[in-house]
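Residue numbers (the numbering used here), protein chains in the order written: chain A, 1 to 254; chain B, 1 to 650.
Hints were generated in silico from the structure; no laboratory data involved.
For each residue, glycine too, the CB sits at the ideal point set by N, CA and C.
Treat each hint with caution, since some may be false.
Claimed, not checked - List time: in silico DSS-like cross-link candidates among lysine-lysine, alpha-carbon distance up to 27 Å:
{"#": "1", "chain 1": "B", "residue 1": "Lys564", "chain 2": "A", "residue 2": "Lys78"}
{"#": "2", "chain 1": "A", "residue 1": "Lys140", "chain 2": "B", "residue 2": "Lys269"}
{"#": "3", "chain 1": "B", "residue 1": "Lys564", "chain 2": "A", "residue 2": "Lys164"}
What the hints assert, rightly or not - Over 12 Å on every C-beta distance to chain A, these chain B residues come out as not near it, computed from the model:
{"#": "4", "residue": "Leu83"}
{"#": "5", "residue": "Val118"}
{"#": "6", "residue": "Ile164"}
{"#": "7", "residue": "Met175"}
{"#": "8", "residue": "Tyr329"}
{"#": "9", "residue": "Asn362"}
{"#": "10", "residue": "Ile399"}
{"#": "11", "residue": "Gly455"}
{"#": "12", "residue": "Ala552"}
What the hints assert, rightly or not - If you anchor each label on the Cβ, the simulated ranges turn out as follows:
{"#": "13", "chain 1": "A", "residue 1": "Arg22", "chain 2": "B", "residue 2": "Leu260", "range": "45 to 53 Å"}
{"#": "14", "chain 1": "A", "residue 1": "Glu26", "chain 2": "B", "residue 2": "Lys86", "range": "35 to 43 Å"}
{"#": "15", "chain 1": "B", "residue 1": "Met94", "chain 2": "A", "residue 2": "Glu162", "range": "44 to 52 Å"}
{"#": "16", "chain 1": "A", "residue 1": "Asn114", "chain 2": "B", "residue 2": "Val206", "range": "35 to 43 Å"}
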Amino acid sequence: MTAIIEVKNLTRLYGEQGVVCRALHEVSFEIEAGAFVAVMGPSGSGKTTLLNIISTIDMPTQGRVVIDGRETAAFKEKELALFRREVIGFVFQEFNLLDNMTIRDNIALPLTLNNIKAETILRRVQELTVLFGIDSQLNKYPYQLSGGQRQRAAVCRALVNEPKILFADEPTGALDSKAASELLACFRNVRNRYGTTVVMVTHDASAASYCDRVMFLKDGMISGKLETNGNAEEFFKKILNMVALLGGERNERL
Amino acid sequence: MNAFKLSWMLFKNNLKLYRFYLTVLILTTAIYYNFLAVNFNPYLEVLGEQSVFARAASSLCSIILFLTVLSFMSHANNFFYKLRYKEIGTYMLMGIPGGKIGTVFALESILLGGAAVVTGLPLGLLFSKLFFMLLSKAMILDTQIPFYIPPKAIGLLLLILAFIILLLGLKNYRMVRSSKLIEILNAARKEQKLPKIRWIRGIAGVICIAAAYYLALNILDLPFDWHMNFMQATVLILILVCIGTYFFFGSFLAIVLNALIQKKKLIYKRSRLVSFSNTLFRLGTHYRSLAMTAILCAATLAAFSGSLALKYFADTNTAVEAPYSITYYNQDEATGQKIRTIIQASSHQILAEHASHLLIGNVSYSHVYGKRGATCLITSYSEVKKSLRLTRPDNYQQILKDIEPRDSETVSILHSNLIFSGTSYAGQDFMIQGRPYTLKKEVKIPFIGELGGIGQYDTYIVTDKQYEQLKGNGQEMTLYGINISDPADSLSLVEKIAAVMKNPGDNLNSYAGQYQYKYYLLGAFYFMGLVMAIVFMISTFSTMYFKILSDAILDREQYKTLMKIGMTEPEIAQSIYTQVGISFILPVLLGILHGIMAIKALESFIHYQFTGSILTGVGVLILVMTGFYLFISKKYRDMAVKGWENHATA
Chain A
1 MTAIIEVKNL
11 TRLYGEQGVV
21 CRALHEVSFE
31 IEAGAFVAVM
41 GPSGSGKTTL
51 LNIISTIDMP
61 TQGRVVIDGR
71 ETAAFKEKEL
81 ALFRREVIGF
91 VFQEFNLLDN
101 MTIRDNIALP
111 LTLNNIKAET
121 ILRRVQELTV
131 LFGIDSQLNK
141 YPYQLSGGQR
151 QRAAVCRALV
161 NEPKILFADE
171 PTGALDSKAA
181 SELLACFRNV
191 RNRYGTTVVM
201 VTHDASAASY
211 CDRVMFLKDG
221 MISGKLETNG
231 NAEEFFKKIL
241 NMVALLGGER
251 NERL
Chain B
1 MNAFKLSWML
11 FKNNLKLYRF
21 YLTVLILTTA
31 IYYNFLAVNF
41 NPYLEVLGEQ
51 SVFARAASSL
61 CSIILFLTVL
71 SFMSHANNFF
81 YKLRYKEIGT
91 YMLMGIPGGK
101 IGTVFALESI
111 LLGGAAVVTG
121 LPLGLLFSKL
131 FFMLLSKAMI
141 LDTQIPFYIP
151 PKAIGLLLLI
161 LAFIILLLGL
171 KNYRMVRSSK
181 LIEILNAARK
191 EQKLPKIRWI
201 RGIAGVICIA
211 AAYYLALNIL
221 DLPFDWHMNF
231 MQATVLILIL
241 VCIGTYFFFG
251 SFLAIVLNAL
261 IQKKKLIYKR
271 SRLVSFSNTL
281 FRLGTHYRSL
291 AMTAILCAAT
301 LAAFSGSLAL
311 KYFADTNTAV
321 EAPYSITYYN
331 QDEATGQKIR
341 TIIQASSHQI
351 LAEHASHLLI
361 GNVSYSHVYG
371 KRGATCLITS
381 YSEVKKSLRL
391 TRPDNYQQIL
401 KDIEPRDSET
411 VSILHSNLIF
421 SGTSYAGQDF
431 MIQGRPYTLK
441 KEVKIPFIGE
451 LGGIGQYDTY
461 IVTDKQYEQL
471 KGNGQEMTLY
481 GINISDPADS
491 LSLVEKIAAV
501 MKNPGDNLNS
511 YAGQYQYKYY
521 LLGAFYFMGL
531 VMAIVFMIST
541 FSTMYFKILS
551 DAILDREQYK
561 TLMKIGMTEP
571 EIAQSIYTQV
581 GISFILPVLL
591 GILHGIMAIK
601 ALESFIHYQF
611 TGSILTGVGV
621 LILVMTGFYL
631 FISKKYRDMA
641 VKGWENHATA
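Here chain A stands alone, though its shape is the one from the complex (with noise of 0.2 Å):
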């Protein structure tokens, strides 16, 4: 399979002369199209600013980001934003659905952006809704909703423009473990029905076992890899495991 995202030699610094803060330090890796990966790393090991690196919000201060094909260095600002706009979606820990909007309007917006006929948009949240089990939701306004289902239409707004690849700060961040569980089978089945690839950062070990592959970070580099064998139970002790190797983390979840 080919990789959809390269990351070739990755560094982020912070701060002025005097005070540098690494928050990223000469990573590489690859991810090829459809895959679901997690990362996972301890607090301050550099996971979100990765995930807004690769996904563009962020630049590096060294080295580079190639997705699908496109050198995101290259980018202009506007480029920038249609880039976003139709390449990649975005599932925050926050859920960050505008109050203002029904459900469908939410996950409606940014097709309305690309100027689409109102037909095709209403299709297209019908049907991700179904799959996505809140299509008796539609008229109501996030506040009516409960956690879950508002990060499910969360995810059926970065799925709305077709991405080719879903980002995920924390998705379950702010969910009890059932919805947590239906979110994840969720992005499997996105996975599995459009090949999307999704790139999840997560603290959770549980979170983590639903991928395929988990990289793990640490100090700004990337300190080891995990991949699924196709048991579930297994994967997830073996991450427990790296969890306990790299420290801290199974305590900071105490």
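Starting from the known structure of chain A, arrange chain B on it as the hints suggest.
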């Protein structure tokens, strides 16, 4: 550090934030002082009647100004409070007791108000020389009003401002005291809810506005038997307009926007979805300030166009009061000759001469309080036609068409001293010299003018045939009009003519005399009206400024999200311009409509057309508002979008 030192420090640190507010407040204080100063200036006593008008205008303005300042300051206060809400939480987390934080915030707002007064008052004193110079010019006073600082005005101003400032300080203290830490920390996450759709109120709002407009346009000609004087009508219209405007923004607009949002074909285009949804949700909390903006805007227009209209009226009415440079009647042939000789000997030239024929008679008609009879003048249509061809008021050919009576009809020319009349008798039956006529129309056109002897009587126009018949049992007289060159400058000539006439007080009238006399009446209102228009403009702007920028604070998070899902900066800008546009254009448009209706009602009462004044007023208002709109949108854009890149990486 004690509370005062702390608040002084905060005040200094936040000065940049307060800059705009402080500027407006200083200007307002300065203008406010000047209005009060007119009331307390002893030199105005000397002017007698004229000072009454100046005082009346300035008292009215000071009351309106007080309300405006109060609402503007509390709007701004709320804005700053919202902006610094989280700061209170931080202090609370640091373990500072709520009472102390409250005191600090209250002191800070008092410092802010105090700074405005301390700067604004001296500025006002500086202005007052200019203010009085302009006022005396507007009233065409011969004497300058001397520079005088009335201690009473300063005292009253300080008292009023201290009251407002303390009130706000107290309010801030109470708001801080009653806020709970958990609420402050969760403030950002507070969910907005859809405003309730209230059909009855929405429709009632539109009906109120429509009814008010109908009344304003048909104020003298209501279809049912409903007599209202000017005050009653104005108050009723004002109440209807205010209620209507509040319901319009509170409910009707929500109904319309909600319906629009259901139309996906319309709304799923570019950034419309974002703008319309934002506006709809904000209505719940914003409708009051939208309504207030509309009313302020109407007030601005009414004050501005009203002032222009009064000036126009004063200019035009001079022609009505003195249709010719020199008018006289009831003199013998020899005196007439003498008058012409005097003019020919002077530096002025005779440009035209005219003689109008009329009868003195009696008229009776039904009045609200019963039958009424009066002395009147009667003339024929062709006499008026001849006269108007010489005096040529604006549109005189149209006027001639409008006033041509049929045999059974009469048209009345209202006497020229009448500035204001609250009732119209058009359509009613009139008995002239015992013969019945229907009153076709009431007009104010130059014909007799201001003559001591007969100027106070209305003139009734009948057909030439009817006039011939009426002449049989009446006494006909001739009114002479002479037009000369340089009429405004002919006062000494007029005095010479008066010397050769018998009873000149009743029988002679001149343009020069009327011209001088005119402005004192309306000059004060004209000038104050213009200043009021500026004050209303400032308050409209500052109300909108703080309200709309409060939105920007709330919208920051939202625009961050929108950019993350791929909305480009130009798209965000477009959405902001649309959103600000909706909350700007609607109140301004409605305000303009309200204002036009107000002037239209004024037109009916004064019997004049003020189309030019209305158009100028609307033009200026639209121009200024467009400027405001662009300025506020840019500010909003800076506040909502700026710094999101930094936030994203945090």
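Evaluation of the provided hints:
Between lysine 564(B) and lysine 78(A), the direct Cα distance comes to roughly 13 Å. Compliance with the 27 Å bound is thereby established for this hinted pair. Taken as a hint, the lysine 140(A) and lysine 269(B) pair is honoured in the structure, with Cα atoms around 21 Å apart against an allowance of 27 Å. Taking the CA atoms of lysine 564(B) and lysine 164(A), the gap is near 16 Å; set against the 27 Å cutoff, the hint holds. Non-interface status of leucine 83(B) relative to chain A is upheld: no Cβ of that chain comes within 12 Å, the nearest being about 20 Å off.
Distance check for valine 118(B) against chain A: the nearest CB is about 41 Å away, which clears 12 Å, and the non-interface claim stands. Interface exclusion of isoleucine 164(B) from chain A stands, the closest Cβ pair being 34 Å apart, more than 12 Å. Separation of methionine 175(B) from chain A is adequate, the least Cβ-Cβ distance of about 24 Å exceeding the 12 Å criterion. With a minimum CB-CB distance of about 75 Å to chain A, tyrosine 329(B) clears the 12 Å threshold, and the non-interface call stands.
Once the 12 Å rule is applied to beta carbons, asparagine 362(B) is consistent with being away from chain A; the minimum gap is 72 Å. Against the 12 Å criterion, isoleucine 399(B) stays outside the reach of chain A, whose nearest CB is about 56 Å from its own CB. Non-interface call for glycine 455(B) relative to chain A: holds, since the shortest CB-CB distance, roughly 66 Å, exceeds 12 Å. Chain A leaves alanine 552(B) outside its interface by the beta-carbon criterion, the shortest separation being 15 Å against a cut-off of 12 Å.
In this structure the supplied range 45 to 53 Å holds for arginine 22(A) paired with leucine 260(B), their Cβ-Cβ distance being about 51 Å. For glutamate 26(A) and lysine 86(B), the Cβ-Cβ distance of about 39 Å falls inside the hinted range of 35 to 43 Å, so the restraint holds. At roughly 50 Å, the beta carbons of methionine 94(B) and glutamate 162(A) sit within the given window of 44 to 52 Å. Between asparagine 114(A) and valine 206(B) the CB atoms are about 37 Å apart, so this pair conforms to the stated range of 35 to 43 Å.
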